[in-house]
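We have chain A; now place chain B onto it with these hints.
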Amino acid sequence: MATESDRRIVDCLVANEIKFATSVPCKQLAGVIDLVDSSPSIMHVPSNKEDEGMGLCAGAYMGGTQSCIIMQNTALGVVVNSLATLIQFYRIPLPMLISYRGEIGEKVACQVEMALHTKAILGQLHIPTYHFQHCDQLEHLDSIIKHAHVCGKPVAVLADAMFWRSAE
Amino acid sequence: MIRYDVLKSIAPVIRGKLIVCNIGSPSQELFDLLDQPSNFYMLGTMGLCSSIGLGLALAQKSQVIAIEGDGSVLTNLATLSTIANNQADNFTLLIIDNGSYGSTGDQPTYAGRKTSLANVARACGCDIVVECSAENTASELEKALSSRRMTVIVSKCESGNVDVPVIDLDPCVIRERFMGEIKRLDETRS
Chain A
1 MATESDRRIV DCLVANEIKF ATSVPCKQLA GVIDLVDSSP SIMHVPSNKE
51 DEGMGLCAGA YMGGTQSCII MQNTALGVVV NSLATLIQFY RIPLPMLISY
101 RGEIGEKVAC QVEMALHTKA ILGQLHIPTY HFQHCDQLEH LDSIIKHAHV
151 CGKPVAVLAD AMFWRSAE
Chain B
169 MIRYDVLKSI APVIRGKLIV CNIGSPSQEL FDLLDQPSNF YMLGTMGLCS
219 SIGLGLALAQ KSQVIAIEGD GSVLTNLATL STIANNQADN FTLLIIDNGS
269 YGSTGDQPTY AGRKTSLANV ARACGCDIVV ECSAENTASE LEKALSSRRM
319 TVIVSKCESG NVDVPVIDLD PCVIRERFMG EIKRLDETRS
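As they're listed, the protein sequences go chains A and B.
The opening position of the first sequence corresponds to residue 1 in my numbering, with each subsequent residue numbered one higher.
The opening position of the second sequence corresponds to residue 169 in my numbering, with each subsequent residue numbered one higher.
These are computed hints drawn from the structure, not numbers from a lab.
Heads up, a few of these hints could be off.
[Unchecked claim] The following residues of chain A were derived to be distant from chain B, with all beta-carbon distances above 12 Å:
1. M62
2. N81
3. G152
[Unchecked claim] Covered stretches of chain A (chain B as the covering partner; in silico rule of three or more C-beta atoms under 8 Å from a C-beta of chain B):
4. 39-47
5. 64-76
6. 99-107
7. 120-127
[What the hints assert, rightly or not] Cross-link-like lysine-lysine pairs, in silico, DSSO-like; alpha carbons within 27 Å at most:
8. A:K49 <-> B:K229
9. A:K19 <-> A:K107
10. B:K185 <-> A:K19
11. A:K49 <-> A:K119
12. B:K229 <-> B:K351
13. A:K119 <-> A:K107
14. A:K146 <-> A:K119
15. A:K107 <-> A:K153
16. A:K146 <-> B:K351
17. A:K19 <-> B:K229
18. A:K119 <-> A:K153
19. A:K153 <-> B:K351
20. A:K19 <-> B:K351
21. A:K49 <-> A:K19
22. B:K176 <-> A:K49
23. B:K229 <-> A:K153
24. B:K185 <-> B:K351
25. A:K153 <-> A:K19
For every residue, glycine included, the Cβ atom is placed at its ideal position computed from N, Cα and C.
Only chain A is shown next, with the shape it has when bound in the complex:
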């Protein structure tokens, strides 16, 4: 069931003319993915794996359509090469909405392992990264998406368990 915050996120994508989205599911992102899928102004093409999603987004962008990827932080281990040699090398703006599993409030112990590497990977790649811990921070989402286009880069929004709990 989508929450008010899920709606705010998708409204923000639409307001920024993001018309192509790809996703690999995460429980925390279920409401957002549902809304993206049913949005008449967004073409939603689910990916099997996040690097495939980066390819889809790069193609859509070159076709004149703003795109974004919705994914879980564990997949940052999958997409390092795609971010470096495709998205960054060709200077493609790409907002990444990432559920930040493994932070405080996480119930699955194994998720913590990748959470420990999440900001380090994004930092190593010099990707502008914004950590959302409360739904009030959604007021910055619009500027963050615009920032991706200003700098021609991927930008990451990490939304952790506290964020999703505050959004319930």
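Here is chain B on its own, set in the frame of chain A:
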């Protein structure tokens, strides 16, 4: 025929068309044979050629041909299910299947052994899948483009590369001129 011969034979068919070309030798050979602004050369990122091609085809109306290799498709095999389930009739996936990883020293791929990429594509739900000889590739590609139906072509050719220079274009130049051409084609159509 090796990949270079296949590319040479399809050059007249793909002239002026939007092409997304696989990393390494395929892009270098295409650059040598037919450089044009409507070619997007992949300089990195093994496996994503078909994904970029599909994203591009879904986002705009011009015909898109992704020139893939068997090794590259095997790297991102699930792409065939995404292609099957997101029908883009302006998209043609041409897999030049030489049964080897050409850019890295012609090590054999599983597509050159027991795995049939055409059968995998069919099992993934791709409706029109054609496996053809290297010699028939140009005519099958022409047929696919005029059918205006999403088609996967698996062109079986011999292993081998031609010694051509690396691509010295800046990636942003490749992208910019490619996007310029996409826009021009869009304006021409309307």
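How the hints compare with the structure:
Not every CB of chain B lies more than 12 Å from the CB of M62 (chain A), the least distance being 5 Å, so the non-interface label is violated. A Cβ of chain B approaches the Cβ of N81 (chain A) within 12 Å, the least distance being about 6 Å, so the stated non-interface status is violated. For G152 (chain A), the condition that its CB be more than 12 Å from all CB atoms of chain B is violated, with the nearest at approximately 9 Å. Check on the stretch 39-47 of chain A: 4 of its residues sit with their Cβ under 8 Å from a Cβ of chain B, so the three-residue criterion for coverage holds.
Using a Cβ-Cβ cut-off of 8 Å, 3 residues of the stretch 64-76 of chain A lie near chain B, which meets the minimum of three, so the contact claim holds. Counting residues of the stretch 99-107 of chain A whose CB falls under 8 Å from any CB of chain B gives 0; the rule of at least 3 is not met. Residue count for the stretch 120-127 of chain A with a Cβ under 8 Å from a Cβ of chain B: 0. That is fewer than the three needed, and the coverage hint is violated. Simply put, K49 (chain A) and K229 (chain B) have alpha-carbon atoms about 26 Å apart, close enough for the 27 Å limit, and the pair holds.
Between K19 (chain A) and K107 (chain A) the CA atoms are separated by roughly 34 Å; this puts the pair beyond 27 Å, and the hint is violated. A distance of roughly 24 Å separates the Cα atoms of K185 (chain B) and K19 (chain A); the hinted pair therefore holds under the 27 Å criterion. Taking the CA atoms of K49 (chain A) and K119 (chain A), the gap is about 20 Å. The hint holds against a cut of 27 Å. A threshold of 27 Å between alpha carbons decides the hint, and for K229 (chain B) with K351 (chain B) the separation of about 11 Å falls inside it, so the pair holds.
The hinted pair formed by K119 (chain A) and K107 (chain A) meets the criterion: a straight-line CA distance of about 20 Å does not exceed 27 Å. The straight-line distance between the Cα atoms of K146 (chain A) and K119 (chain A) is roughly 21 Å, inside the 27 Å bound, and the hint therefore holds. Proposed proximity of K107 (chain A) and K153 (chain A) is contradicted: the alpha carbons are some 33 Å apart, above 27 Å. About 22 Å separates the Cα atoms of K146 (chain A) and K351 (chain B), which keeps this hinted pair within 27 Å; it holds.
Distance check on the hinted pair: K19 (chain A) and K229 (chain B) sit about 15 Å apart at the alpha-carbon level, within 27 Å; holds. With a C-alpha separation of about 17 Å, the suggested pairing of K119 (chain A) with K153 (chain A) holds against the 27 Å cut-off. Our distance criterion of 27 Å between C-alpha atoms is met by K153 (chain A) and K351 (chain B), whose separation comes to about 22 Å. Taking the CA atoms of K19 (chain A) and K351 (chain B), the gap is about 17 Å. The hint holds against a cut of 27 Å.
Distance restraint check for K49 (chain A) and K19 (chain A): the Cα-Cα separation of roughly 20 Å lies within the 27 Å cut-off, and the hinted pair is therefore satisfied. For the proposed pair K176 (chain B) and K49 (chain A), the alpha carbon gap of about 34 Å is over 27 Å, so the pair is violated. For the proposed pair K229 (chain B) and K153 (chain A), the alpha carbon gap of about 26 Å is at most 27 Å, so the pair holds. A C-alpha spacing of about 13 Å is found between K185 (chain B) and K351 (chain B), which places the hinted pair at or below 27 Å, so the restraint holds.
This hinted pair checks out: K153 (chain A) and K19 (chain A) have alpha carbons roughly 18 Å apart, not beyond 27 Å.
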